[in-house]
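Engineer: Residue numbers (the working numbering), protein chains in the order written: chain A, 1 to 616; chain B, 1 to 163.
Incorrect hints may appear among the rest.
Stated by the list, open to error - Example chain A residues on the side facing chain B (calculated, C-beta under 8 Å, incomplete):
# : residue
1 : I121
2 : G195
3 : R202
4 : E365
5 : R372
Stated by the list, open to error - A few chain B residues that face chain A, going by a derived Cβ cut-off under 10 Å, partial list only:
#  : residue
6  : L35
7  : G73
8  : T74
9  : A77
10 : F84
11 : A87
12 : N88
13 : A97
14 : L110
15 : R118
16 : N128
17 : F129
18 : V138
19 : D154
20 : S158
21 : R159
It should be emphasised that the hints constitute simulated quantities derived from the structure, not laboratory data.
Heads up, the beta-carbon is just placed ideally off N, CA and C, and yes, glycines get one too.
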Amino acid sequence: MAAAGDPSYLALLIERAAHDGLANHPQWRALLHYRSGASGARSEVTDRRFFLSPNGERDPRAELDATLAAFFSADPPARREEPAQCAFVARYRWLVARLQIDPARLAPIDCPRFAAWYARIDPRAMTLVFPTAYLNNPASMFGQTLLRVDAHGQDEDSRLLAYAINYGADTEGDGGALFMIKGVAGGYGGYFSIGPYYDKVREYSDLQDRDIWEFRLALDAAEVRRAVEHLWELRGVRFDYYFFSDNCAYQLLTLLDVARPDLGLAEQFDAWVIPSETLRALARAGVLVEARFRPAAGTRLAERASRLRPAHVELARALGESPDDLEAQLARLGDAERTAVLALAYDYAYYRHLAARGADPARRERLAELLRAKAAGGDADPPADAGHATGRPDLGHGSAMLSLGLGRSSEADFRSLRLRPAYHELLDPGEGYKRGAQINFLDLTLRLLPAAGRVETHALTVLDIVSLAPRTRLLRPISWQLRTGWQRALVPGTERPALLWQLEGGAGLAWEPAERLMLYTFAVLAAEAGEALAGDRALGPGLRAGALWSPAPGWGLALSAGVLDYRSGGAFERTEARFELRRTLGSHQQLGLAARAERVPGTDHGEALLAWRQFF
Amino acid sequence: MKNVVLTLAAAALVAPLAGHANPPNSVGCGLGSKLFDGQSGVAPQVLAVTTNGTLGNQTFGITSGTLGCDSDGTVVASQRVPVFVAANLDRLAGDMAGGGGETLESLAVLLNIEERDRAPFFSTVRVNFERIVTSPDVSAGELLDGLYMVMAEDATLSRYVGT
Chain A
1 MAAAGDPSYL ALLIERAAHD GLANHPQWRA LLHYRSGASG ARSEVTDRRF
51 FLSPNGERDP RAELDATLAA FFSADPPARR EEPAQCAFVA RYRWLVARLQ
101 IDPARLAPID CPRFAAWYAR IDPRAMTLVF PTAYLNNPAS MFGQTLLRVD
151 AHGQDEDSRL LAYAINYGAD TEGDGGALFM IKGVAGGYGG YFSIGPYYDK
201 VREYSDLQDR DIWEFRLALD AAEVRRAVEH LWELRGVRFD YYFFSDNCAY
251 QLLTLLDVAR PDLGLAEQFD AWVIPSETLR ALARAGVLVE ARFRPAAGTR
301 LAERASRLRP AHVELARALG ESPDDLEAQL ARLGDAERTA VLALAYDYAY
351 YRHLAARGAD PARRERLAEL LRAKAAGGDA DPPADAGHAT GRPDLGHGSA
401 MLSLGLGRSS EADFRSLRLR PAYHELLDPG EGYKRGAQIN FLDLTLRLLP
451 AAGRVETHAL TVLDIVSLAP RTRLLRPISW QLRTGWQRAL VPGTERPALL
501 WQLEGGAGLA WEPAERLMLY TFAVLAAEAG EALAGDRALG PGLRAGALWS
551 PAPGWGLALS AGVLDYRSGG AFERTEARFE LRRTLGSHQQ LGLAARAERV
601 PGTDHGEALL AWRQFF
Chain B
1 MKNVVLTLAA AALVAPLAGH ANPPNSVGCG LGSKLFDGQS GVAPQVLAVT
51 TNGTLGNQTF GITSGTLGCD SDGTVVASQR VPVFVAANLD RLAGDMAGGG
101 GETLESLAVL LNIEERDRAP FFSTVRVNFE RIVTSPDVSA GELLDGLYMV
151 MAEDATLSRY VGT
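Whole structure, please, built from the sequences with the hints as guidance.
Structural biologist: Pasting the structure below:
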């Protein structure tokens, strides 16, 4: 064993650390990922390679003593390739500073591999990166976060060249439903990684079409250094990945806690970590400064199109789509028009090329032809800098909501209590959320009927997703919706709505004929079950249509109508109309007035509700 | 992703064997990757819940999946240009034809092109676009060769081309 210092000094350091209570210091707890539980401290790292003491996972003091001991050896500890001073470089630097370790008695060891790695990253600052939702995928509103390490000498124009820290599951190639099930159940290992930021921008911005927000973090040089050094310690170290709780957003908070333990970010979260909520936690801690928006491929496309006359958008689409002679179609345009039309045509063709997921030779040839025409044109490209259409996600409403209301129905007066743990519905304050996207999860509404002196469940929505993706001159997406849960509804032969289990899914079209106005229509297939139904169940097709309008900032209006034609079970038709007006008071409160009318053969039902909502 | 990794790895092995005279620093990692390769993209991934952190091919030790380019997740200095070009071919071609943009700006930074020479760099690249992007499936190596050749012929830019 190569000695790096004198052993009597080790006893002194261990004693000094115990005297100072370093094992319980927030920095030590952050570096070892300890969290307090019923049975004392326990590290969230389950990988043996991360601990130097056999009891390190549960005993902060034993791990600290073993770490100090290991620093005296130039040989790598078990399952490591480098001496402990190099493998655990953040622990080493912190303990050297706290215990004022004398280099004459515990000699520092050279760490060339770490030094080279650190020099390539060359950290100066950190930026939290938040890719927002995909078009037509409301589930992606839950988001994703990355940490970008900004280098010395990097400026606004060379942000792409930075490195990004990512935490994710090693899914071993699993996807879709299997990933969801294993991911939720903790079936995967989670790992930190680092790679070029441009790879991530390409992945999110181009391939997944998600806008990206970049938030500079108010961390000083020493804090940034500590976080990056700690990342080195986590190289190849396995965590247990859980989709809802130990996900990327949570683990990146643990890294920021290492940078500055006072933040205490990770302990604010427990069973359920929504990335946009971690953003708001960072905002509350005062470490988010300066937000920058990076528009996705589709956003850039829409923005370019919005600056052109409709006829030129059509022309751009045709140029991007058909293999006809380019120059003939461009001949009548002026220089500036030609540049703008070609820029849009290329962006459109490229977007379609990515969507087609293939290397179609005809498309490739067309793309190259458009590029040559662009290069030959007069002006350089107009910059495509989209505005912040969706608003900053850190300023968005909290994803949980409590609502209290007073109502009157055709049968009785009622009081309403509604609790929705997550996430966003169409009329909620729009800032920071994708327009036209709704996802409600475990949404419970209770009603108190004072006259009858009882409380009843009005609705328990398990999942309710609506994705309104407006059709434009360029893109023609299909909107969709899916809803399941228990809901009171009118059934023939009963006097008042009965609680039924419902499942409804549909596909449809949406348009945006004017700013702040969206129209939509869906063809649906619905099923419901309940004792009140003849035959206990019903199944049938239906149609729904509606409008969403924001007549002025802070005001939202929704109108919708639907008809369901139940064929099997007790065959009957149910028609329904809804109206809802909401006024946003600040970003966390709303006042709403809603009315609903329902009809089945032989019975009508109507109700109105005035409700106040608090988001938190 | 596996295919991409394999292609890049194979390309890294083959690139040094390419026949024509390359400036020394255009031999590098991932240069066999092709323009408009058409990776899976913005298809309607309606129910795809890849939202919340999967690794993809990014781990310590495998970023661009190329041998000798990568070290503990970072790119070794001598390979920063080729790895960047290989990873950003599509965007680069678009920026070159348009005469500017973030990706081309970043390449200028990697090539150590000074601020005052950026505008001439952008316009030279645009004017000579067809000599750089020679075909719809130009490889990263070919694109970089073309770029270096165009730069070498330019009075202002020739000093940025390594010999």
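Engineer: A separate judgement is required for each hint: does it hold in the structure or not?
Structural biologist: Right, here's what the structure says about each hint:
no., hint, in the structure
1, I121, "holds, 6 Å"
2, G195, "holds, 4 Å"
3, R202, "holds, 7 Å"
4, E365, "holds, 5 Å"
5, R372, "holds, 6 Å"
6, L35, "holds, 8 Å"
7, G73, "holds, 4 Å"
8, T74, "holds, 4 Å"
9, A77, "holds, 7 Å"
10, F84, "holds, 7 Å"
11, A87, "holds, 6 Å"
12, N88, "holds, 6 Å"
13, A97, "holds, 4 Å"
14, L110, "holds, 7 Å"
15, R118, "holds, 9 Å"
16, N128, "holds, 9 Å"
17, F129, "holds, 4 Å"
18, V138, "holds, 8 Å"
19, D154, "violated, 16 Å"
20, S158, "violated, 21 Å"
21, R159, "violated, 20 Å"
In terms of the numbered hints stated before, the structure departs from hints 19, 20, 21, listed from lowest to highest.
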